[in-house]
Every structure is written in C-alpha cells, then in structure tokens.
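Each chain, written out:
Protein chains: 2
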Amino acid sequence: MRRVSIYDTTLRDGTQAEDFNLSLADKIRVALKLDDLGIDYIEGGWPGSNPKDQGFFEEIRNYELKHAKITAFGATHHPGTRPEKDANLRALLDAKTRVITLFGKSWTIHVKDALKISLERNLELIRDSLAYLRPHVETLFYDAEHFFDGFRADPDYALATLEKAVEGGAECLILCDTNGGNLPSFIEEAMRAVQQRFPHVPLGIHAHNDSDVAVANSLKAVEMGAVQVQGTFNGVGERCGNANLCSIIPNLCLKMNVACLEPDRVKKLRSVSRFILELANMPPNRYQPYVGRSAFAHKGGVHIAAVERNPATYEHINPEQVGNRRRFLISEVSGKAAVRYKADEYGIPLSSTDPVALEVLKQIKELEYQGYQFEAAEASFELLLNRAMGRYKRYFELIGFRVVDQKMSEDEEPVSEATIRVRVGGQEEHTAALGHGPVNALDNALRKALEKFYPELKGVELSDYKVRVLPGKEGTASKVRVLIESFDGKEHWGTVGVSHDILEASWQALVDSINYKMYMSEQGKGKGRNGS
Amino acid sequence: MRRVSIYDTTLRDGTQAEDFNLSLADKIRVALKLDDLGIDYIEGGWPGSNPKDQGFFEEIRNYELKHAKITAFGATHHPGTRPEKDANLRALLDAKTRVITLFGKSWTIHVKDALKISLERNLELIRDSLAYLRPHVETLFYDAEHFFDGFRADPDYALATLEKAVEGGAECLILCDTNGGNLPSFIEEAMRAVQQRFPHVPLGIHAHNDSDVAVANSLKAVEMGAVQVQGTFNGVGERCGNANLCSIIPNLCLKMNVACLEPDRVKKLRSVSRFILELANMPPNRYQPYVGRSAFAHKGGVHIAAVERNPATYEHINPEQVGNRRRFLISEVSGKAAVRYKADEYGIPLSSTDPVALEVLKQIKELEYQGYQFEAAEASFELLLNRAMGRYKRYFELIGFRVVDQKMSEDEEPVSEATIRVRVGGQEEHTAALGHGPVNALDNALRKALEKFYPELKGVELSDYKVRVLPGKEGTASKVRVLIESFDGKEHWGTVGVSHDILEASWQALVDSINYKMYMSEQGKGKGRNGS
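For the record, the sequence lines run as chains A and B. Going by full-length UniProt numbering, 410 is the number at position 410 of the first sequence; the sequence numbering is gapless. Going by full-length UniProt numbering, 89 is the number at position 89 of the second sequence; the sequence numbering is gapless.
Derived from the structure by calculation, the hints contain no laboratory data. Mixed in with the good hints, there may be bad ones.
Claimed, not checked - No farther apart than 16 angstroms at their CA atoms in a straight line, the calculated lysine to aspartate or glutamate pairs in the EDC-like style are these: (1) A:K116 - B:E278; (2) A:K490 - A:E461; (3) A:K33 - A:D19; (4) A:K393 - B:E58; (5) B:K112 - A:E308; (6) A:K268 - A:E320; (7) B:K393 - A:E410; (8) A:K66 - A:D19; (9) B:K490 - B:E461; (10) A:K393 - A:E410; (11) A:K466 - B:E474; (12) B:K116 - A:E410; (13) B:K69 - B:E84; (14) A:K479 - B:E410.
It should be emphasised that the depicted structure is a prediction, and the values quoted were computed from it without experimental measurement.
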C-alpha cells in the first residue's frame, strides 16, 4: 500500500487566518495532539519572524514526541547579505529542529515587485540558502511559493527555480498554490511538466482554498505521485484557508487506498479537529465534511427510512471511521424509531419498553424544541438523566435573587449588583455582590452564597461563556441559549440554559455547573465531561 | 464562448440543511433575487411532498420573471399505481411550471432496499413517468439519483436507467453524486462511460460536498462537456451541503472562460449570498471562497506590502469582480499605509493630511481593538463620522436608567423591569416598562420615553438582535458585542455596542438605532444602511 506524508502547518500558515490565534501554550498542546494522532511533520512556525514562534521551538524541545518531526519555516536569505550572515537563516538553525522548510520565489512578478531583485539573483538566493543549511540539518524541504502562478507566467523560469533548489540540496520540492487561484486541471498540467524535468525528485503539494478546490488540488497531486501533502486542521489559514487535512486524510485513507495515518488513528480525527477549535475559541462549522456535527445528519423522512434499512444508501462512509456519528433530526420524524435513535445518540441503554428512558427522551425532545442543545453540555444532560432516574440530589434551594443594573449618566458605565437568598440544609444565606455586568454579578453572588457551605466550589472557574440568540424575529425579546464551560483544575464540564431572559438562561447553566461539581465530588468521578 | 446553464436548488435541496429554513415569503424573495442575478433554472420545491412547496408554486405564478425558469421536482410514480393515477406526478403538473425535473433510482441497493421493487420494475417507472409528463411540459430533466455510486456498483444497470430516461423523453440527464462520496477522478471515469453510450444527450452534474470536493466534481463535469450545473447558494444542503454556486459561478466565468451569468451580474454574487444568509438567519462563513469577509483579507506584513505594490501577488482575482473587497487587518500593520487602507475601506475621502479623517481613523482603530465591528453596523459608523465632523445632533439626553431582574423562587421565571429618565429639549420624562428579560425591558422603557417626543419611532422595529461573547477567559465577565438591525418598513440599518455589561452594550446599539432613525428622518434619506 502506497504511503504519503502529512505535513501540518496549522501552527504557522494556519495562524495567518483572521480570528484564529493560539498562545504559545496552545501551540504546544496542539503539537502534542497532532503527534499523538500520527502526523508526520508539524511546522511550528517561522522563527525569524516573531518571538512567539522562537519560544515554541525552545519549549517543544522539552517534550519527547512519539512520531512527528517538528519543522521550522523560513525564507531565502536577504539579497543584501550572504547566507552565513543572514539573521533569518541563523534563526532557522537556532530553532534546532531536525527538519527545515525553506521557501523561495517561483513567480517573476514576485521577484520583481516584492523582492525587487533580478531574476538571476533570485536563483542564487535559492541555491545558496539551501546549500548553506544543508550540512546543518537532517531533512531539508523546499516550498516553491506561487509555483503554479509562476509556471503559468513563465514556465522556464519557474522550472529553473526548482533546478536551483535541487542543486542546493532540497530533498522534496513542495509546489505551492499560494494564492489558491488554480484549478485541478492546471495542477495536473504544471505537475506533469515538473515530473518530466525532474523524474526522480520527490514532490509535495501546498494548496489554498480561494477557489474552493484546495482538497481536490491536493488529491490530484497525490494521484500524480506527490509524496507529501501540506495543509491545516479545519482548513484554517489566510483568506479562505489552507487545504483541509480533516478532509484530505480520510479521502486518502478511506477512498484512495493511500496510507497516511495508522488505521486506528483516523477515528481520532473529529476529536482533534474539535480540540483545536476549542483552544482557539473558534465556532465549529457544523457542515464541515467528515467531522462536522451535520456531516451525517439526516433530515428528510425518505432518507431516514432508507438509512435505517441500509446506512450506505445515504452515507458515503461509516461515520465512526472518523470518530463522528449519525444523527437523525428529531423534528422531522416521529414514533418509536426516532426515539430509539435519540437514545442511541446519547448512549442510553433503552429497552424500548423502559418507562424512565422513554420519559427522558420525551424531555430531551421537548427541551431541544425549546432551544436547549446538549452536545456541548453533557453535564446538564447527565443531571437530567439523574433526575429522571430519581438519583437527583438538591445541594441548595433558591429563595430568590434580584439583579440591578443602574446607569447614572450617559458617560458612566452601569453598576451591576446582585442579591441572593439560598437555603442549604436548613440554613439560610442572604448575600450580595457586584460584577462586571449583571450576569457576572449574579455569578459572583451565587458563588459567595454557596462557598460558605461547599468550599470545594472555590476551585471552580468558568473557562468559557457563550451566548447565542436563537433564530426568531423578536428583537431584544429573543430567546437566548447560554453555554458555560467550567473547570476545577482537573475536569472540564459544560452546562446549558435557555430563556428569553439572559439572566435566567445564565442562572440555569450556573446552577447545573455547581450541581455537577458537587455530584462529581460525591462520586469521586475522574472522567471529564466537556462535550468535545 | 461556451455557455453552461446554472440550476439553483437552494429552495429545494438547500432547505434539507440542518438549521436552514425559509418561510414561503422568504422563498419568493430568494427566487426573485436569483432571477435578478440571471440564474437559468430555479427549483422551487417538491410539490408532492409538503404544503409549503405547493404554496410556493401558486404564489410565484403572480410574478413575471426576467430570465429564470421555475422548475418543480418530484419522484418517479409509485410502483403500486400507474402514472396517470399517481398523486406525486399529479402534484408536479399542478405546479404548472415550464420545467419539471424528475428523479429516479440508478443504484441497485436503492431499488432493492428503499423502493423494494425489482430492478426491471424500476426501469419501467423511470420510462413511464417521464413519458407521461412529456406532452404536458415544455422542458423535462432527469436527475439520476446516486448515479456515480450506482455506476460503481453495477455500471450496466446504471446505464440502463439512463437509457430509459432518454426513451421517456428527458432532454438532459443530470448525473447526481447524492451521497457526496465520489472524487473527481471517478466522476471523470463514469462520465466518460455515459458519453460513450449517449454521445448526443446533454448531461448535467449535481454534486454534494461530503468529501469536500463538490465544486471540483462540478468543474470536472463541465470540463468533460456537461451543459448544466446544479448547486445551491453558499453550498447549503443536507449533511455537508450541495455544490456551492458562489464558488462554481466565478470559477466558470473568471477562470474557465465558460459563460453562465451575464458578465455584469457576477459582481452581484456577494450581495445575493448575504441576502440569502440573512433571510435564513444563518451566520456567514467569513472564510467562504470569493464572497467571505476574509476572502481578500491580508494579515501578514509581508503580504500587505506586496499587495500594495501589485495586488496580483496575493489575490487570485480582483475582489470587485464578485462584489467583495480587499481588507488589510489593521492590527498587524501600522503607520500611514494602514491608515490610508482603512480610509479606502470605509470610503472616506482622505487627503492624508486631513486632521478630521485621521482622528476618525484613530477612533475606528481603537474601537475595533475594543471589539466593535462596523461591517454590519454602518449606521453606527456613519454616526461616528458625523460626530467627528461636528455634524452630530443630540436627540435626547439620558439622565439614568435602572434595570431590575428578580426571581422569586426556583420554578418561576424572573420578572424584568426597567425605569428610565431622559431629557428632550428641556422636558424630562421618567417612565418604566416590563420586558421579556432585562434587555427587552430596557428597550421597551426607552421607546416608551421617546415616542412621546418622536412619534416616528413607533414605526421602528428591531428586526434582528445578535450577541457575541468576545474571545477571552473571563467567563461571565467577558465582553459582549451586540448587533441590532432596525427596520422602519422601508429601510434597514445596523448598529453596534460593546461592553462587559450586556445591558450597556445593548443600550449603545439601541441609542445609535434611534439616533440614526431621527437623523434619516431629518435628512429625508432614501438609502438603507444594512451593511449587507
């Protein structure tokens, strides 16, 4: 079976995306996760360009990776100096990686308009930079920036730059569609010309998605013999993003019979995709191929009936192969079949006659109709299950709260204050707190009231708070769904609330968060429930 | 120049998407918009399947379309009856469209597991259904459902179904990748076989995006000679969606020299894309190729400098060709160049020495840093501009407000009440209102106070209210951005507010909304500012 290397550039090219930012600590966590998945190369950054990237290479050296090789990325040396004097090449070597990827210019307009040097001088930069790095590094790759646009504009020159890269000692020539403007048929044409000129040099592909064909361009290159595919998780990247590895990997493994991950790792794909989105606080795209929440969701009644008889009728793969799952959208179906599917979805051991399970399912259906959503709020779901099974314990009782938000003039920020009365085991507590906004005031007051009775709540922080206005035309009276993620230093758990009143919705999610913490403490539970 | 027909199925297959729903009135508005764009065929629905679709066909007959033909979609007749007795075929004819698209089964497992009839009987259904419709309709298309999967499983049978469709009188055979599981190389292989068998029959393509290659599959089919491409706007559709016409259209027109819209219409693409998303209350995907907000956004300093010299260096097309625009992400750059770009973005006539313009730009930069975002809030932006130019008029002064949200027991919804004091031209008004939640109470109180002085505010409704928690790790104290869209029966306008306090953020957006309405009334302005 043929094998192709996967080269991930989420940490470098991916972070060029608008609204996708990772801290140094996040970058380390992503690298370890990608290593665990079995990615071959992880491009950590451009050490010459910013201090965060330099910090990454220093830090990652403290970890022993299982499989992946970390690579450092950088440009050819400055035209005004020599390789051995060039700060950028120096930074690349200082990153102390086993692999370096150097990029150079293939397109004449870039040589003239961006570098502002002669075409001949650019050829020297490519060869000399690579030749200088060559003895100092185990593996050396060459990214031919704008190769396809360059080839269209001046095929001879574009091929000449590759010639110099080979002379300089590059082991693999990665052909880049940097602007994402090329279609698969042209990828084929250009790549054929490269293969005729360099029949024995390994090639790679680096595609961007500006024409919505980055995945197809990458697959085309593999079909033609490319041995390396560069891309990012979830397709993040500048403008419309890079080629999406979450699509390329399963297309290669499951459809084209090309190996790239160990077979048992492909089913981790969805969880790694989600992990990265969560770290970057990016909302997932529910329609994302393979790993999206809707990727195996069936809505039409005809489709559901057919999938029930034979899943292949409307599913191109078994969703479990990529760690995803089938969903039947309950609103469109009814009766026992729908209920049984919903039970499967939540892993409820349902003999179809069990009255408790049926009651729970009825509740879920009703709550989802109201706008609740349990995928990211498994703690709320588990509490609901417990309640239906009579295992619910009340840790406190609310007597009442009042939240006041007062603005005293046009130029002053309002002041938010919450008062609260709760009862715990016969004892009443009446207290008050201020906050940054009314939700925060209520949150502070509730914690203040309860920490007296349950000191373990002091260690709980809210690691995420999300508000979604539910579709409707009610303006400021619209329903909102609040999702809260809590963290106690060890476990993450998600809870949900829905109401026309944002304070009530937040209250529901806060109460579930606290109840779940107390429930975990009593059970001595070790398993997190972050819904990811 | 070669021409290909565009067949839009946003209103039929598109509405199978999770979370994408259009009312009957919305469907009419979308159809008119697509007609205006110059789409050839607009599939309005499946009249046999639900009353909303039937209503669409009745309603759309009242409009005279400029170019598009409305098509009705339906299945082959029920195996237990004859065509002339079949309710589904009857409903198709009752839709009274000039075009009908009939779909049939190409894949043996569907015939056996879904229809549960013999392979021979399925062939009869296809031929007889089409032959029955043929004399009653101007144009008749055949959608070969699951053609590619069917061809892989049993090529002879799949081709036999097409044979029957041709016998029945179909004018175009549309090959469907219904499950979205096929890659471009297989599309090519199967289509070649079809062309060998039916060298003179026009072919079309209908692709789904489950493998992230729906656009590439569609382009491949066009390369091979397909004369019709089916898809949806923004790629909405069941599971991962249909082939995205927002990508296919510019790829055809701008890259492949294949005509499909009138040249001057392509630049409407972005606004039609946004219009449909807004009607469906779907958040736009900022990374969407061609039409997304980030599609021509440049972040890296190197890229910005190069684009400044020559846009082709990092842009595959001129963004104006599809109605989009270039953006430089201000955070990453500095100095005069950045300021000038920001001015261009907002259309400010800036001589680089104008102190007012420079002051405005400084404010925008600061506000964007705080989390304000003006693309969907052009009314707020225009007010800001007016203030800087000294043209700002105060329509009222806030003396103070207080919002109280009180919950009296665990099972009761809280009660929200707002009190407010404002001054208008020396007169003070002190009033109060209840609401569904605290934001709504404040909204109600403010309107109540001001409508006394400005009766024109009575006609203003809030047509949309959105809350976004800005990235950060502050839990319930996170900053939120509120976007409000207002409508006065004629104009739409968007306003924005940002604060740690959701009431304060909503307040800012509400105040801007009211000020903008008053400003428009005074100017007698006719132009909407909905930022779309």
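Quick rundown of the hints versus the structure:
Pair hint K116 (chain A) plus E278 (chain B) does not hold up; C-alpha atoms about 45 angstroms apart against a cutoff of 16 angstroms. Among the hinted pairs, K490 (chain A) with E461 (chain A) is consistent with the structure: their alpha-carbon atoms are about 11 angstroms apart, no more than 16 angstroms. Distance restraint check for K33 (chain A) and D19 (chain A): the Cα-Cα separation of roughly 21 angstroms exceeds the 16 angstroms cut-off, and the hinted pair is therefore not satisfied. Restraint check for K393 (chain A) and E58 (chain B): the C-alpha separation of about 57 angstroms exceeds 16 angstroms, so the hint is violated.
For the hint pairing K112 (chain B) with E308 (chain A), the CA-to-CA distance comes to about 14 angstroms; that is within 16 angstroms, so the pair holds. Restraint check for K268 (chain A) and E320 (chain A): the C-alpha separation of about 10 angstroms stays at or below 16 angstroms, so the hint holds. Restraint check for K393 (chain B) and E410 (chain A): the C-alpha separation of about 15 angstroms stays at or below 16 angstroms, so the hint holds. A distance of roughly 31 angstroms separates the Cα atoms of K66 (chain A) and D19 (chain A); the hinted pair therefore is violated under the 16 angstroms criterion.
For the suggested pair K490 (chain B) and E461 (chain B), the alpha carbons sit about 11 angstroms apart, so the restraint of at most 16 angstroms is met. Among the hinted pairs, K393 (chain A) with E410 (chain A) is inconsistent with the structure: their alpha-carbon atoms are about 46 angstroms apart, more than 16 angstroms. Annotation: proposed proximity of K466 (chain A) to E474 (chain B) holds, straight-line Cα distance about 11 angstroms (limit 16 angstroms). The suggested pairing of K116 (chain B) with E410 (chain A) is violated, with an alpha-carbon distance near 71 angstroms, which exceeds 16 angstroms.
Between K69 (chain B) and E84 (chain B), the direct Cα distance comes to roughly 25 angstroms. Violation of the 16 angstroms bound is thereby established for this hinted pair. Restraint check: the Cα-Cα separation between K479 (chain A) and E410 (chain B) comes to about 19 angstroms, which exceeds 16 angstroms; the hinted pair is violated.
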